[in-house]
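**Q** Now for the letters of each chain:
There are 2 protein chains.
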Amino acid sequence: MSGSFCESYEVDYQALINTIQEKNASTVFIQAPDGLKKLYKCIGEHIIDKLPSIKIYYSASPSFGACDIPLEEIEAVKPDLVIHIGHNKYPFLSREINYDIIYLPAYYKWKPTNDIINMLINELKKYNAEKIGLVTSIQHVHSLKEIAEKLGEHGYIAYIGKPTYNVMMPGQILGCEYSAALKIYSKVDAYLVVAGGIFHALGLSLIVDKPVLILDPYRLQVTYPSSDIKRLKAKRYYILSKLRNEVIRNVGVIIGSRPGQYRPTLIKYIENLLGEHGIKYYLFTSTYLSREQLISIDNAYNLDLYVITSCPRLPIDDFNDFYKPVITPGELVMILKNIMEKYVYPW
Amino acid sequence: MSGSFCESYEVDYQALINTIQEKNASTVFIQAPDGLKKLYKCIGEHIIDKLPSIKIYYSASPSFGACDIPLEEIEAVKPDLVIHIGHNKYPFLSREINYDIIYLPAYYKWKPTNDIINMLINELKKYNAEKIGLVTSIQHVHSLKEIAEKLGEHGYIAYIGKPTYNVMMPGQILGCEYSAALKIYSKVDAYLVVAGGIFHALGLSLIVDKPVLILDPYRLQVTYPSSDIKRLKAKRYYILSKLRNEVIRNVGVIIGSRPGQYRPTLIKYIENLLGEHGIKYYLFTSTYLSREQLISIDNAYNLDLYVITSCPRLPIDDFNDFYKPVITPGELVMILKNIMEKYVYPW
Numbered sequence: 001m002s003g004s005f006c007e008s009y010e011v012d013y014q015a016l017i018n019t020i021q022e023k024n025a026s027t028v029f030i031q032a033p034d035g036l037k038k039l040y041k042c043i044g045e046h047i048i049d050k051l052p053s054i055k056i057y058y059s060a061s062p063s064f065g066a067c068d069i070p071l072e073e074i075e076a077v078k079p080d081l082v083i084h085i086g087h088n089k090y091p092f093l094s095r096e097i098n099y100d101i102i103y104l105p106a107y108y109k110w111k112p113t114n115d116i117i118n119m120l121i122n123e124l125k126k127y128n129a130e131k132i133g134l135v136t137s138i139q140h141v142h143s144l145k146e147i148a149e150k151l152g153e154h155g156y157i158a159y160i161g162k163p164t165y166n167v168m169m170p171g172q173i174l175g176c177e178y179s180a181a182l183k184i185y186s187k188v189d190a191y192l193v194v195a196g197g198i199f200h201a202l203g204l205s206l207i208v209d210k211p212v213l214i215l216d217p218y219r220l221q222v223t224y225p226s227s228d229i230k231r232l233k234a235k236r237y238y239i240l241s242k243l244r245n246e247v248i249r250n251v252g253v254i255i256g257s258r259p260g261q262y263r264p265t266l267i268k269y270i271e272n273l274l275g276e277h278g279i280k281y282y283l284f285t286s287t288y289l290s291r292e293q294l295i296s297i298d299n300a301y302n303l304d305l306y307v308i309t310s311c312p313r314l315p316i317d318d319f320n321d322f323y324k325p326v327i328t329p330g331e332l333v334m335i336l337k338n339i340m341e342k343y344v345y346p347w
Numbered sequence: 001m002s003g004s005f006c007e008s009y010e011v012d013y014q015a016l017i018n019t020i021q022e023k024n025a026s027t028v029f030i031q032a033p034d035g036l037k038k039l040y041k042c043i044g045e046h047i048i049d050k051l052p053s054i055k056i057y058y059s060a061s062p063s064f065g066a067c068d069i070p071l072e073e074i075e076a077v078k079p080d081l082v083i084h085i086g087h088n089k090y091p092f093l094s095r096e097i098n099y100d101i102i103y104l105p106a107y108y109k110w111k112p113t114n115d116i117i118n119m120l121i122n123e124l125k126k127y128n129a130e131k132i133g134l135v136t137s138i139q140h141v142h143s144l145k146e147i148a149e150k151l152g153e154h155g156y157i158a159y160i161g162k163p164t165y166n167v168m169m170p171g172q173i174l175g176c177e178y179s180a181a182l183k184i185y186s187k188v189d190a191y192l193v194v195a196g197g198i199f200h201a202l203g204l205s206l207i208v209d210k211p212v213l214i215l216d217p218y219r220l221q222v223t224y225p226s227s228d229i230k231r232l233k234a235k236r237y238y239i240l241s242k243l244r245n246e247v248i249r250n251v252g253v254i255i256g257s258r259p260g261q262y263r264p265t266l267i268k269y270i271e272n273l274l275g276e277h278g279i280k281y282y283l284f285t286s287t288y289l290s291r292e293q294l295i296s297i298d299n300a301y302n303l304d305l306y307v308i309t310s311c312p313r314l315p316i317d318d319f320n321d322f323y324k325p326v327i328t329p330g331e332l333v334m335i336l337k338n339i340m341e342k343y344v345y346p347w
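Chains as they are written, first to last, in the numbering used here: chain A, 1 to 347; chain B, 1 to 347.
It is possible that some hints are incorrect.
[Said to hold, decoys possible] Straight-line C-alpha distance at most 35 Å; calculated DSBU-like pairs for lysine-lysine: (1) A:55 x B:337; (2) B:280 x A:109; (3) A:268 x B:50; (4) A:78 x B:55; (5) B:280 x A:55; (6) A:280 x B:109; (7) B:78 x A:23; (8) A:268 x B:55; (9) B:78 x A:337; (10) B:89 x A:55; (11) B:324 x A:50; (12) B:50 x B:23; (13) B:89 x A:280; (14) B:89 x A:268; (15) A:78 x B:268; (16) B:280 x A:50; (17) A:268 x B:23; (18) B:242 x A:55; (19) B:55 x A:342; (20) B:280 x A:23; (21) A:109 x B:324; (22) A:268 x B:78.
[To be verified] Listed next, the stretches of chain B that the computed footprint assigns to chain A, with coverage defined by at least 3 CB atoms under 8 Å from CB atoms of chain A: (23) 30-39; (24) 51-60; (25) 298-308.
No lab work stands behind these hints, which were simulated from the structure alone. Ideal Cβ placement from N, Cα and C applies to all residues, glycine included.
With the hints as constraints, model all of the structure from the sequences given.
**A** Here is the structure:
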C-alpha cells in the first residue's frame with residue numbers, strides 16, 4: 001500500500017526497523033486501533049522490505065487505546081517484540097506484560113491553514129474567548145504549537161498544558177485522562193480540542209465548565225457541540241438522580257482484563273464502598289464488553305445497576321441507552337456519597 | 001434462584017463444594033456458556049451458602065466450549081480455582097493453563113417419554129432406518145442409554161460409540177469432534193442427534209452421508225432438517241468450486257488465542273501449504289472474531305479469502321454469508337489439493 005493512506009500518517013519507520021534489529025527480533029506482533037488498521041499493510045510491507053525474514057502477526061482485535069493490549073493473543077504466539085501503533089504508553093498499566101512493547105505513534109500529516117484559523121477565530125469570538133487551552137489526541141500533538149503561534153499572531157493567548165504523566169505529550173489528553181487540560185483550567189476562557197469526532201470533547205466537557213470547541217483536522221471544521229454536551233450531561237444526571245431516589249439492593253461490577261483496564265485498586269475501593277452501604281454485589285470479568293453480555297448477565301441476576309471499572313467511557317458512550325443503569329465508578333461515588341454538585345470524572 | 005432453571009439442570013454441587021474445600025480455595029472463577037449463565041446464580045448461591053467467605057468472579061464473556069477458556073480474565077484476577085460449567089475437558093487444549101480447572105457438566109433433567117419415542121420411531125420408518133447411531137451433546141449424555149433401551153423394545157438396534165478422546169463420554173460429540181459417530185458409521189442406517197437446535201446435526205452431516213435426525217429435548221420434537229443440511233452442503237461446495245476456478249493470490253489466516261482455539265500445528269501446516277502453492281498470506285490473531293474485525297482487516301488488505309484456524313464452526317455458522325470467502329482449514333486443503341469428492345471436516 002504505497003497509496004495515500006500510508007502517506008497521510010507520519011510513522012517513524014526508521015526507528016521501528018532499528019528497534020527490531022536491536023532486539024534481534026525474528027517475530028513481531030503488531031496492534032493498531034481499527035481506524036489505523038490500514039497502517040498494518042504500510043508498516044508490514046516496510047518491515048518485510050527491509051527485513052524479509054521477519055514473521056509478523058497482526059492483531060485482528062479492536063484497540064481502544066494503549067490500555068487495551070491483547071495479552072492473551074500475544075502470549076499465544078510469543079513474539080520477540082510487540083509494536084503498538086497509534087498511541088504512546090498508557091500511564092496506568094496495572095498488569096505485568098512480559099514482552100517488549102514499542103509504542104509507535106502515527107501522526108496525522110496536517111498543518112493548520114489560515115482558512116481554518118480564521119474559522120476558529122470566528123467561533124472563539126462568539127464566546128468572547130481570548131485565552132484558549134489547546135488539547136489534543138496524540139495523532140495531532142505536533143500541530144498544537146503552530147495553532148498556538150497562529151492564534152498569537154491574531155492577539156489570542158494559547159496555553160498548552162503538560163500532562164501529569166510523563167509518558168504523555170504536551171497538550172495530550174486521553175478519553176480517560178485530562179490533566180493537560182486541568183492544569184491550565186484557571187488561565188483559560190475556553191478549550192480547543194484538536195481531534196476527529198466529539199469523543200475527547202465530550203470527556204473534557206464532563207469535567208470543565210467552559211466552552212469546549214473542536215477543531216477537526218479530518219473534516220476541516222471548527223464546531224462547538226454544545227447541544228451534544230448538554231444532552232450528555234443531562235442524561236448522566238438523569239440516570240444518577242433516578243438512582244438516588246431508589247433503593248439499590250444489588251449491583252454488578254464489571255472487571256476488565258486488558259492490562260490497562262484491569263484496575264484492582266479501584267475495584268477494591270468500589271467493593272468496600274458497596275459493602276459499607278450494605279449493597280450486595282457480583283463481580284463479572286470481561287475481555288470486551290458487549291450489550292449481549294450485559295443482557296446475558298442481567299437475565300440471570302436481574303440486578304439494579306452495573307458499574308464498569310474497566311473503561312469509564314463504556315457507560316457514557318456505549319451503554320448510556322441500556323435498559324438498566326450502567327454507570328462509572330465516579331458516578332457510583334456521587335450517588336452513594338451524595339455529592340451531586342460536581343460531576344466526578346474520569347475514574 | 002431456587003426457581004425452575006436451577007432445578008432443570010443436574011449439577012454435582014457436592015463435588016463442587018468438596019473440590020473448593022480440598023483445594024483450600026478462597027477465590028473461584030466461574031465460566032459458563034451463555035445458555036447456562038443463569039446457573040451462575042444457582043451455583044454462586046450454593047457456594048456462598050456453604051462457604052460464605054469464598055470470593056467469586058464470574059466471566060461475562062461468552063463461552064463456546066471448553067476450548068474457550070478466558071485465559072486473560074483468569075490471569076487478571078488470579079483465582080485459586082477455575083470452574084468451567086457445562087462442558088467436560090476439551091481434548092485438544094494446546095496452551096498451558098497454570099490454574100486448576102474443574103469441568104463441571106450440567107445435565108439437562110429429562111427422560112425420554114413413550115410419546116417422543118413414538119415420534120422418533122415414526123420418523124425412522126420414513127428412512128427405513130433400523131440400526132441407529134445415538135450421539136449427543138454433553139447436556140444429554142445420560143439419556144442415551146434409556147433411548148437405546150426403548151428403541152430396543154421396539155425392535156430397533158441402537159449404537160452408542162465411544163469417542164476417541166477419553167475426556168469425552170460415550171456418545172458425546174462436539175461441534176468439532178465426531179469420533180463417537182464415526183466409530184459406528186459402518187453399523188448404522190441413520191444417526192439420531194439428541195440436542196437442542198441443529199448445530200451438532202449440521203456438523204455431523206458434513207461428514208456422514210446418512211440421515212441425521214434430531215431429537216430436541218427442549219422443544220420435545222423429532223426432526224430431520226434435510227433441507228438445512230442440503231443448503232449448507234451446497235453453500236460450502238459453491239464457495240469451494242468458485243475458489244477452485246479463481247487464482248488465489250493472498251490469504252488471511254486467522255489465529256485464535258483461546259487455549260483450545262490456538263492450534264499451532266494446524267497453523268504451521270496451513271502456512272506450509274500456502275507457501276508451497278506460492279500464495280502470499282498474512283497472520284491475524286484474535287480473541288473472538290466479529291464481522292467488523294474481518295471487514296476492518298479486509299479494508300486494509302483486500303485479500304482473496306480468509307482461513308479460520310481457531311474454530312471450524314466459525315466459517316460455517318457465522319461467516320458463511322461474508323462478502324469474501326471465509327473457509328475452514330479442511331476446505332483450504334480440499335481446494336489446494338484438489339480433493340473435492342469427500343468433504344474434509346472437521347479440522
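**Q** Taking the hints in turn, state whether each one holds.
**A** For each hint, the structure was consulted:
1. A:55 x B:337: holds, 25 Å
2. B:280 x A:109: holds, 31 Å
3. A:268 x B:50: Cα-Cα ~24 Å, so holds.
4. A:78 x B:55: Satisfied, since the Cα-Cα distance of roughly 32 Å is no more than 35 Å.
5. B:280 x A:55: At roughly 13 Å apart (the allowed maximum being 35 Å), residue 55 (chain A) and residue 280 (chain B) satisfy the hint.
6. A:280 x B:109: holds, 31 Å
7. B:78 x A:23: The hint holds at about 31 Å.
8. A:268 x B:55: holds, 12 Å
9. B:78 x A:337: Status holds; Cα separation ~31 Å.
10. B:89 x A:55: holds, 33 Å
11. B:324 x A:50: With a Cα-Cα distance of about 31 Å, the restraint between residue 324 (chain B) and residue 50 (chain A) holds, given a limit of 35 Å.
12. B:50 x B:23: OK: residue 50 (chain B) and residue 23 (chain B) at ~15 Å, within 35 Å.
13. B:89 x A:280: holds, 33 Å
14. B:89 x A:268: holds, 33 Å
15. A:78 x B:268: Holds, at about 15 Å.
16. B:280 x A:50: holds, 18 Å
17. A:268 x B:23: holds, 24 Å
18. B:242 x A:55: holds, 30 Å
19. B:55 x A:342: holds, 34 Å
20. B:280 x A:23: holds, 26 Å
21. A:109 x B:324: Holds - the C-alpha atoms of residue 324 (chain B) and residue 109 (chain A) are around 32 Å apart, at most 35 Å.
22. A:268 x B:78: holds, 15 Å
23. 30-39: holds (count 4)
24. 51-60: Check passed, 6 qualifying residues.
25. 298-308: n = 3 at 8 Å, threshold three: holds.
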